[in-house]
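For the protein sequence lines, the chains are Z and E, in the order given.
Numbering-wise, the first sequence is residues 1 to 277 according to my numbering.
Numbering-wise, the second sequence is residues 1 to 280 according to my numbering.
In short, the hints are calculated from the structure, not lab data.
The structure displayed is predicted, hence computed values, not measured ones.
Glycine is no exception: its CB is placed at the ideal position from the N, C-alpha and C atoms.
Do not take every clue at face value.
[Unchecked claim] Reference excerpt, derived from the structure (chain E facing chain Z, CB under 10 Å, subset only):
1) Arg8
2) Lys10
3) Ala12
4) Val16
5) Gln99
6) Gly100
7) Thr128
8) Asp167
9) Glu171
10) Ser172
11) Leu174
12) Pro179
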Amino acid sequence: MIAIETTSQAESAPPRPGPQPVESSPARGAIAVRNLDFFYGEHQVLFGNGLDIAPRKVTAIIGPSGCGKSTHIRVYNRIYELYRDQRCTGEVLLDGQNLLAPTVDLIELRRRIGMIFQTPTPFPMSVFDNVAYGLRLHYTMPRSELADRVKTALEDAALWDEVRDKLHHSGIELSGGQQQRLCIARALAVEPEVLLMDEPTSAVDPVGTAKIEELVRRLKERLTIVIVTHNMQQAARISDFTAFFLDGRIVEFGDTTELFTNPVDRKTEDYITGRFG
Amino acid sequence: MKLAGARRRKAADWAVRIAASLGAAVGIVFLVWILWEVVSRGASALSWSFFTELPAPPGEAGGGLANAILGTVLISAGAGLLGVPAGIMAGIYLAEYGQGTRFGGLVGFMVNVMMGVPSIIAGLFVYTLIVVSLGHFSGYAGAVALALLMLPIVARTTADMMALVPDSLRESALALGAPRWRVIVQIVARSARSGLLTGILLAVARVSGETAPLLFTALNSPYWPHSFSGPTANLTVTIFNYAMSPYRSWQQAAWGASFVITAGVLAVSLLTRYILRRTT
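So here's chain Z without its partners, still in its complex pose (with noise of 0.2 Å):
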C-alpha cells in the first residue's frame, strides 16, 4: 500500500527544477578527511588518512604506484562500494557533512562530487546523450533547456567547438582527448561542488593533456579539484595544493610550491627528485 502511494505520488510530482546556480560566497566544497583507513578485503591499504582540501582549489595527490592515491579519493563518492571486498573508517567531511554515514543519498551525494576516471569513459550513446545522462538522472526539464544545458557544459569542457556539428554521432568516434574532454562535460552537467580526476591525462596525447590542464585552471572558479597523478611536473603546474602519498599514508601535505621546492620531509624530496617512484 506504502509502496503504490509512493510511486503514484513520485509520477505526479511536478518537475523538479535544474540546477540553481551555486552562490559566490561562501564558497562550498570543503573537504575534510579524518583518520581515514582502507581495506582490501583483510589487507590495510589506508592508514589514518587525514587531509582538509579547500574550496575552489586545485588538490593534487601524487605518489608512487600503489601507494593509495586513487584508493583514497575513490572513497570521497563512495565509489569503492561497488566491490563487494572493499571496505573503509573513518570520516570524509563535505561542507561539515559526514559522506560515509549510512543515512547518506548515494545519487545526491554523487551528483555533487563528480569523478573522471583514467580512462576516457564514453557512454555507448551520442555526444549530446552522454552529456545529457546525468540531467536526465537527476532532473526533469524542457527539452530546449536540456539542450542549453548540454551546449554549456560542453563549452566548459572546451569541447563545444569540437563537437557542435556531431552531436548526434557516437561519443566513442571521438579521440581520446576529446572522450576525456566529453566525460567532463558529462561530469560538469549536474554542476557538481567537487570534482575529482583520477589521472584524468594518462590516456590523453601532450596536446590533449595541454588542453584539460588549461580547463582545469579555468575550472577552480567554480568548483574544488582534486586531481591523482602520477607525473609531478603537472602537479606542479596545475595545483595549489599537494598531498604526497607513500605507502597508503600521506607524508607530507601542503602549499604545492613550498612543497616542490622546499619539502619538509626527506621522503618526500627524494619522490620529487627522483630518487625512487
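Based on the hints, put chain E in the right spot on chain Z.
Here is chain E on its own, set in the frame of chain Z:
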C-alpha cells in the same frame, strides 16, 4: 650433427602439418557431403505448394509441409519468449550481482551443467512435468522444452559478454549518480548489445533444429497448428517420421524439410555474423 637435427625437426613439422590438414579435410569433406545431399535432394522436393499446403496422404502427389514450417516457427518463437528473458536475467545476475558470491558460483556452475544436458533429457523432463500432468501433448510443452535448452546458452553468453564491459564504464555511470539497475540496463547491456543478440540468435538456431525434446512434448500433427494446446506440427519430428516411412513421396518431403531447416539455421548464423561485424 647440426644438419641431422634440423632435418628431424623439419620432418616433425611436416608430420604434424599433414596430420592437422588431414583432420581438417575429414571434417570439411563430411560437412560438404551432408550439405550437398541435403541441397541436391531437398531442393528438388521444394515447390510453391510445399510452403503453402498441408501434407498429402502417402502415395498422393502434391501437398506440402506448411503446417510444420509454421509450427516450428511458432514453437521456436514461444521458446524464445520464455527462454530469452529468463536467460538474459540469469546472465545479468551472473555478471553483475552474483560475482564472488556462493549462490552466484552455484548458478554459474548449474548453467554450465545445463548446457551439457542432452536435449532428450529436457524433453523427458517436460514430458513428465507438463504432458503427463495435463494428459496430452502440446505446443506449449514443446516451447518449454526448447526454452530449457535456450536458457543456459543465453545466460552464459550474456554473462560472458557483460563481463567484457570494463568496470570503469560501470563506475563512470555510478559516479554520475545512476542507480545500479540503470547502469546495467542503459550502459552495460547497451555496450554488450551485439554480443547479447549473438547469444540469442545462436540459441534460436541451436534449438530450432532439435528433434528429441519435441518428440515427447509437441509430438507432431498433420493439421495446422490451430491451438498450441494440442499436438503441434513441426519440421524436425516430421523429418523423423517421414524419413522412416516406406513412402517415396514422404521421404522426398523429409529431404525438403531438411533443406528448409538447414537453410533457416544458416540464415540465422549469417545474420549473427553480419550483426557482429557491423557493430564491432
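Restraint outcome when Leu174/E is required to lie within 10 Å of chain Z by C-beta distance: holds, 6 Å
Interface hint for Val16/E, Cβ within 10 Å of any Cβ on chain Z: violated, 42 Å
Restraint outcome when Glu171/E is required to lie within 10 Å of chain Z by C-beta distance: The hint holds - Glu171/E has a Cβ within 10 Å of chain Z, the shortest such distance being about 5 Å.
Restraint outcome when Asp167/E is required to lie within 10 Å of chain Z by C-beta distance: For Asp167/E, the interface hint holds, since the closest Cβ of chain Z sits about 8 Å away, which is under 10 Å.
Restraint satisfaction for Arg8/E [CB to CB of chain Z, less than 10 Å]: violated, 48 Å
Interface hint for Lys10/E, Cβ within 10 Å of any Cβ on chain Z: Status violated, d = 46 Å.
Evaluation of the interface hint that places Pro179/E against chain Z, nearest CB under 10 Å: With Cβ-Cβ at 7 Å, under 10 Å, it holds.
Interface hint outcome for Ser172/E [beta carbon to chain Z under 10 Å]: holds, 4 Å
Supplied contact hint for Gly100/E, tested at 10 Å Cβ to chain Z: holds, 6 Å
Hint check: 10 Å Cβ-Cβ cutoff, Ala12/E to chain Z: Violated, about 45 Å.
Gln99/E as an interface hint toward chain Z, with CB separation required under 10 Å: Since the shortest Cβ distance to chain Z is 8 Å, the answer is holds.
Restraint outcome when Thr128/E is required to lie within 10 Å of chain Z by C-beta distance: At 39 Å from the nearest chain Z Cβ, Thr128/E fails the 10 Å test, so the hint is violated.
Comparing the model with each earlier hint shows violations of hints 1, 2, 3, 4, 7; every other hint is respected.
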